[in-house]
Amino acid sequence: MFPQSGFGVVGSGRPITKYDHTRLDFAHNYGITCFDSEYDQVIESIVGNRKNSFMFIRGIAD
Numbered sequence: 004m005f006p007q008s009g010f011g012v013v014g015s016g017r018p019i020t021k022y023d024h025t026r027l028d029f030a031h032n033y034g035i036t037c038f039d040s041e042y043d044q045v046i047e048s049i050v051g052n053r054k055n056s057f058m059f060i061r062g063i064a065d
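In the working numbering, the protein residues as written are 4 to 65.
Pairs of lysine to aspartate or glutamate, DMTMM-like flavour, derived with a Cα cap of 20 Å:
{"#": "1", "residue 1": "Lys-21", "residue 2": "Glu-41"}
{"#": "2", "residue 1": "Lys-21", "residue 2": "Asp-39"}
{"#": "3", "residue 1": "Lys-21", "residue 2": "Asp-43"}
Here are the computed distance ranges between Cβ atoms for each label pair:
{"#": "4", "residue 1": "Leu-27", "residue 2": "Asn-52", "range": "27 to 35 Å"}
{"#": "5", "residue 1": "Asn-52", "residue 2": "Phe-5", "range": "36 to 44 Å"}
{"#": "6", "residue 1": "Val-50", "residue 2": "Pro-18", "range": "13 to 21 Å"}
{"#": "7", "residue 1": "Gln-7", "residue 2": "Asn-32", "range": "21 to 29 Å"}
{"#": "8", "residue 1": "Gly-34", "residue 2": "Gln-7", "range": "12 to 20 Å"}
{"#": "9", "residue 1": "Glu-47", "residue 2": "Asp-23", "range": "19 to 27 Å"}
{"#": "10", "residue 1": "Pro-6", "residue 2": "Asn-52", "range": "29 to 37 Å"}
{"#": "11", "residue 1": "Gly-16", "residue 2": "Gly-62", "range": "18 to 26 Å"}
{"#": "12", "residue 1": "His-24", "residue 2": "Ser-56", "range": "30 to 38 Å"}
Treat the hints as calculated values from the structure; they're not laboratory data. The structure displayed is predicted, hence computed values, not measured ones. All C-beta atoms in this analysis are idealised placements derived from N, C-alpha and C, irrespective of residue type, glycine included.
Model the full assembly from the supplied sequences, consistent with the hints where possible.
Right under this line is the structure:
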């Protein structure tokens, strides 16, 4: 088996990542590829620092 990479939308937020059924419904409705329970802290930091231009590169391994 060879390593693979993928691209997609990352969902975040503790209420969403905590409950399986809610997470699956949310992913289906919004085309979310994966979830990260700590990612919301990164977004809050950027918004709080008033950064208007940014790009995320996130590595997630399973």
